[in-house]
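Chemist: Sequence:
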Amino acid sequence: MSKRIISFLLCALMFLSVAGCGKDKPVSGNKKPGNTSQVGSDISSSEPDNTEETDSTDSKPDNSAVKTNTEIGDPLPDVSETNSKNFSYTVIRPKSSTTAVDELAKDLRSAIKKTFNATVKMTYDETVGSGYYEILIGATNRAESDEAKRQLESNRKNHQLDFIITVINEKICIYSGNEEMLQKAVSYFTESFCSSKKAWQRLNTKTRVIYEAPLISYNHKIAGKPLSSFRFVTPRAMEYIYGKEIQSITNHLSNNQGYDLTVTDERDTAVSSEIIVGDTSRAESKAVTASGDNWVIKETGGKLVIKGGNSLSLAAGIKELYSLIMAGEQSGKGLNIAKGFSKTGKYTPGKGDYRLVWNDEFNGSELNHYWWIDYNNEKYGLQENSSNVLGGKMYNLQTEATAVKNGSLEMYSWRDGKDFYSGKATTNYTMMFRYGIMEIRAKMPEAPGCASIWLNCAGTSYGLGAEFDILENFGSVTSFAANLHKWGGGGNYHTSLDGDSVYRKTKQFAFVDKLDKNGTLSSDYHVYTLIWNEHQVIQAVDGEIFFTYEMRDSDDTFRLPYYLIFGGGAGSNNYGVAWKEGDPDRFTYSVDYVRIYQTDDPLSLIYRRDTGFPPNVPLPAEYIYH
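Heads up: the sequence shown begins at 4 in our numbering, then just goes up one per residue.
Straight-line Cα separation of at most 20 Å, SDA-like style, residue types lysine to any residue; simulated pairs:
1) Lys342 <-> Ala226
2) Lys354 <-> Leu606
3) Lys349 <-> Val360
Worth flagging that the hints you see were computed from the coordinates, not collected in a lab.
Because the structure is a prediction, the values reported are computed rather than measured.
Turn these sequences into a full structure, and let the hints steer you where they fit.
Modeler: Structure follows, in structure tokens:
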């Protein structure tokens, strides 16, 4: 696919927007490189110049459509400003660069050496403070490379085959997210600025060149209608486990075909061109059935319906549609789903695929106490004369204040005279896990009723260890807090991601219902998702990511197994909305299901009291269950 795209690019007209590459301007000589003696031959000795000088004109893009403006910045230094034959710039590439990028750096060095008859240094980005100016190739660890990437991506949505050449802080940045296009960027830079001293002097502090690759259009059709006229329709609360597959399709079409497919939910007014995903209220959706691990894709009434017997098989059906699109593009004919089209399949997880490892659908007549037990360590809100309980006491009745009704776990909070009561349930000592995707479909209580979903570090008690706050809803129906906390050893404090010790500065998710301006967290069920691996903690609501935390080496506490807690309660002046006189006396917090998915990643762990730990994967001694 990539070769065909590049072949197309070579014969297509190139559109370039260039800032500051126009009029020649002699170098003033007032800019000096740093202390060149600090690098000397150390860098060059570790990078022997054994590269043959090559002519890379065969890989350069067509520059017939180069456009310039007259804005000129300060000149950049060149070889004439040094007291030796050393070139003023060092060629820098990422330490993790591929062989292809390494060769690009060597080609550039050879071209500069040939033109200026100078020694050109080259090294990896792990070198700091070389004393030379820098030419950055690709995604180096320099802040300037990040800024170049940002400029390229903000230029237009369809930037995957674009490249940029820009000067930032007197560093020359050559960047593309595609290696083949990075090769063309280096070729363009070499031809445009390294052929002579006069060409080099066209570089200045405001130089910016952006190449916009032409888009390739395919005649994708469903039931005779163009795919671009369709939109995705999902259930009210979309799960991330299959929502991410929808996004893969929309991203591909946007990035490569130049059009966006809208994603809406079943409440939206029906239109003639829809790709209906999962169990929705649409008549076309109800007419198609799938069970277990089976999936089906079916055209009906000009619409395309994708169903699965469960969330994983539904995700597999959506991936199959993506495969059909890609097959159409590779054939050059595009996707063509005819009227009456039907295809079925079965989800069989392979290496790296997700599996459902633990769940509770709450379909019984009562809470399953094999999995859900009292959270005995909770001590919050027991003091008298507390503002959050209007001078009474807050009693946590744990699972006693819960019930299973209509396929949901219900946790109650209520006021009885002076005192308040609430329910909680936890999988402490029964189930804990490390890494994977956890999805919880839940409905918040009306304000000022409270609800929480969080994970606690296994084998620790309150006040020691760490927690993942997936949701802390202290009486608000339009927002909630999400965070990670490390608890002090023996102390009663915690540190939020932003370093603050209270909740007012945590990562807030402000809920907005795009189809109902009056919609709230308590007016319907929503899916709350945790995506967790050794490198990241990501959270989403209804398939939309709103919170990403990049884990550090010091975050090993967040790499331990955790157990799950659900809880209701009363708010306070410090924690959201306080319960006040005149408020309703009873609130209900409902959980429809909880599902945990994991791959065969050996770092993933699941402990179930019925099966124990996976063989040969023991926990650290201090975290083994009692």
